[in-house]
Amino acid sequence: MTEQVRNAGVRQSGFVCQYGRMLVEQSSKSVPKDELYDVLEQVSIAAMDCGEEDLARRCVNDLEKAFPKSIRVSRLRGMLLEMQGKFELAEEKYSIILERDPQNHRVMKRMCGLAKSRGNVPAAISACIAYLKLNAVDRDAWEELADLYVSQGMCKQAAFCMEEILLLDPFVGASHRKYADILYTLGGNENLAMALQYYSSAIKFSNGKDLRALYGICLCSTHLATAKAYVKKKEEDELHSLSSDLILKMYRARNKNGKHEIVKAVLS
Amino acid sequence: MVMHAKKHVHEECNGLLVGTATDRGETHHVCVEDAVPLFHGSLGLAPMVEVALAQVAHHARKKKGMLVVGCYHANERADDTAVGLQAKRLADAVQRNATRACLLLLDNARFHQAEAGTSEPLFHCHTKDGNKWKRASTEGSQPVEAKLVPSTSPGVLAEYLKERRHLRIVDFDDHLDDPSKDWLNPEITA
Chain A
3 MTEQVRNAGV RQSGFVCQYG RMLVEQSSKS VPKDELYDVL EQVSIAAMDC
53 GEEDLARRCV NDLEKAFPKS IRVSRLRGML LEMQGKFELA EEKYSIILER
103 DPQNHRVMKR MCGLAKSRGN VPAAISACIA YLKLNAVDRD AWEELADLYV
153 SQGMCKQAAF CMEEILLLDP FVGASHRKYA DILYTLGGNE NLAMALQYYS
203 SAIKFSNGKD LRALYGICLC STHLATAKAY VKKKEEDELH SLSSDLILKM
253 YRARNKNGKH EIVKAVLS
Chain B
-6 MVMHAKKHVH EECNGLLVGT ATDRGETHHV CVEDAVPLFH GSLGLAPMVE
44 VALAQVAHHA RKKKGMLVVG CYHANERADD TAVGLQAKRL ADAVQRNATR
94 ACLLLLDNAR FHQAEAGTSE PLFHCHTKDG NKWKRASTEG SQPVEAKLVP
144 STSPGVLAEY LKERRHLRIV DFDDHLDDPS KDWLNPEITA
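Protein chains in written order, with the numbering used here: chain A, 3 to 270; chain B, -6 to 183.
Worth flagging that the hints you see were computed from the coordinates, not collected in a lab.
On a predicted model such as this, the values are computed, not experimentally measured, just so you know.
We treat Cβ as the ideally placed atom computed from N, Cα and C, and that holds for glycine.
Where hints are given, some of them may not hold.
Selected chain A positions facing chain B (in silico; Cβ < 7 angstroms) [said to hold, decoys possible]:
{"hint": "1", "residue": "Asp149"}
{"hint": "2", "residue": "Ser153"}
{"hint": "3", "residue": "Tyr186"}
{"hint": "4", "residue": "Gly190"}
{"hint": "5", "residue": "Asn191"}
{"hint": "6", "residue": "Arg214"}
{"hint": "7", "residue": "Ile264"}
{"hint": "8", "residue": "Val268"}
{"hint": "9", "residue": "Ser270"}
Pair by pair, the computed Cβ-Cβ distance ranges are [said to hold, decoys possible]:
{"hint": "10", "chain 1": "B", "residue 1": "Asp85", "chain 2": "A", "residue 2": "Glu101", "range": "28 to 36 angstroms"}
{"hint": "11", "chain 1": "B", "residue 1": "Thr111", "chain 2": "A", "residue 2": "Gln20", "range": "21 to 29 angstroms"}
{"hint": "12", "chain 1": "B", "residue 1": "Asp170", "chain 2": "A", "residue 2": "Ala267", "range": "16 to 24 angstroms"}
{"hint": "13", "chain 1": "B", "residue 1": "Thr111", "chain 2": "A", "residue 2": "Gln154", "range": "29 to 37 angstroms"}
{"hint": "14", "chain 1": "A", "residue 1": "Glu55", "chain 2": "B", "residue 2": "Thr74", "range": "16 to 24 angstroms"}
{"hint": "15", "chain 1": "A", "residue 1": "Ala176", "chain 2": "B", "residue 2": "Thr13", "range": "33 to 41 angstroms"}
{"hint": "16", "chain 1": "B", "residue 1": "Gly123", "chain 2": "A", "residue 2": "Gln154", "range": "16 to 24 angstroms"}
{"hint": "17", "chain 1": "A", "residue 1": "Lys88", "chain 2": "B", "residue 2": "Glu4", "range": "30 to 38 angstroms"}
{"hint": "18", "chain 1": "B", "residue 1": "Thr111", "chain 2": "A", "residue 2": "Lys158", "range": "39 to 47 angstroms"}
Input sequences plus hints: build the corresponding full structure.
Pasting the structure below:
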């Protein structure tokens, strides 16, 4: 089961912690030798997520015994120090690793995570930018940077990050929609008109199933309909009408708990 | 509110408070009857907040003759006790349509005591003072008193957490991913 969670790349820390504890306590009996260290690493991280310090410490200690000079295990020790609130020691640990291996991308990311743990978002942004200078095609890192900027209300900078993501991966509907959300949040007629276009692409890439993008079209076209100094385009009314119809159709088909009436009233 | 935060332990999350607001002499009385979980994860973008506010306000009005009287917020970090930008934004949006909205901020330090049925408050009430959201105080020029009713709530919450009901909580985010999911969560507190 823990292998399935690892392979799926999902974060199910509570589940991994609960069952991982049993595996770790019976390590020699229930886990094949070649899998044991992957399980220890996975369980240690899940335990850190859930605040289970004793379990996390045990896993990291076992890994250190098996691999005393490993950078990978050293990073886990750094993460455990973060969990214990020993941020300066964690930073020292990561700095030592980066001296040995300056382009260790996992530890560079940990520097960003460490700054976030300390509540220092500007430092997290700087660490993320430093990482992206060496790893400019890391889509997830651009998204992390976009989220950091959004958390600070810096939507223009967040928009730039989304533009980089769209260059790397132009056919992902969720990215078009997120860019549109940022443009809408920035506001102004020009941004709303552009948001409308990107919500439309998100709908196209999702075969009309992206409910957020459909709502986004309705929001943009409603604002633009009454905007001053804006030359309305005929297709904006059509887009609003088409999107509303699609939303209501989706609710009629899938929603049995009365939300259709609420949505109909709010859209009208 | 606590169950929503328990489901998304490693993220910030927020929601709306639905209830009544009345004036009794010089006292403005707000009674929170229900909480609607909204979002988790990255909270800073406007569009879906506007959609959620409109739908929850409409539901409150039509079903129960109530209104959106406030919001709640749980910060991401355990040691973060501040009313951050995202909490302020949602609270300001609610305040624009309410006479005197309240913001309930989760006490992250006490959060883990919920399973033990603690009677200590797990949220701190904030109201707007000038441009800032400040912790409610019974002193000062505009005293605010916040009470948890009924007193059996902590025990009930502890039972729900033990049964892992919080894993079934649906917020507006989940609903947008799958409209068949109900953000009113009728079966959770049934």
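Now the hints, each set against the structure:
1. Asp149: Given a least distance of 5 angstroms, the restraint on Asp149(A) holds.
2. Ser153: holds, 6 angstroms
3. Tyr186: Nearest chain B Cβ about 5 angstroms off; hint holds.
4. Gly190: At about 13 angstroms, which exceeds the 7 angstroms cut-off, the nearest Cβ of chain B leaves the hint on Gly190(A) violated.
5. Asn191: violated, 16 angstroms
6. Arg214: OK, holds: Arg214(A) within 7 angstroms of chain B, min 5 angstroms.
7. Ile264: Since the shortest Cβ distance to chain B is 5 angstroms, the answer is holds.
8. Val268: holds, 5 angstroms
9. Ser270: Since the shortest Cβ distance to chain B is 11 angstroms, the answer is violated.
10. Asp85(B) with Glu101(A): 28 to 36 angstroms: violated, 46 angstroms
11. Thr111(B) with Gln20(A): 21 to 29 angstroms: 23 angstroms Cβ-Cβ, so the 21 to 29 angstroms window holds.
12. Asp170(B) with Ala267(A): 16 to 24 angstroms: Once the Cβ atoms are compared, 22 angstroms apart, the range 16 to 24 angstroms for Ala267(A) and Asp170(B) holds.
13. Thr111(B) with Gln154(A): 29 to 37 angstroms: holds, 34 angstroms
14. Glu55(A) with Thr74(B): 16 to 24 angstroms: Holds: the Cβ-Cβ distance is about 22 angstroms, inside 16 to 24 angstroms.
15. Ala176(A) with Thr13(B): 33 to 41 angstroms: holds, 39 angstroms
16. Gly123(B) with Gln154(A): 16 to 24 angstroms: Given range 16 to 24 angstroms: holds, Cβ gap about 22 angstroms.
17. Lys88(A) with Glu4(B): 30 to 38 angstroms: At 23 angstroms between Cβs, range violated.
18. Thr111(B) with Lys158(A): 39 to 47 angstroms: holds, 44 angstroms
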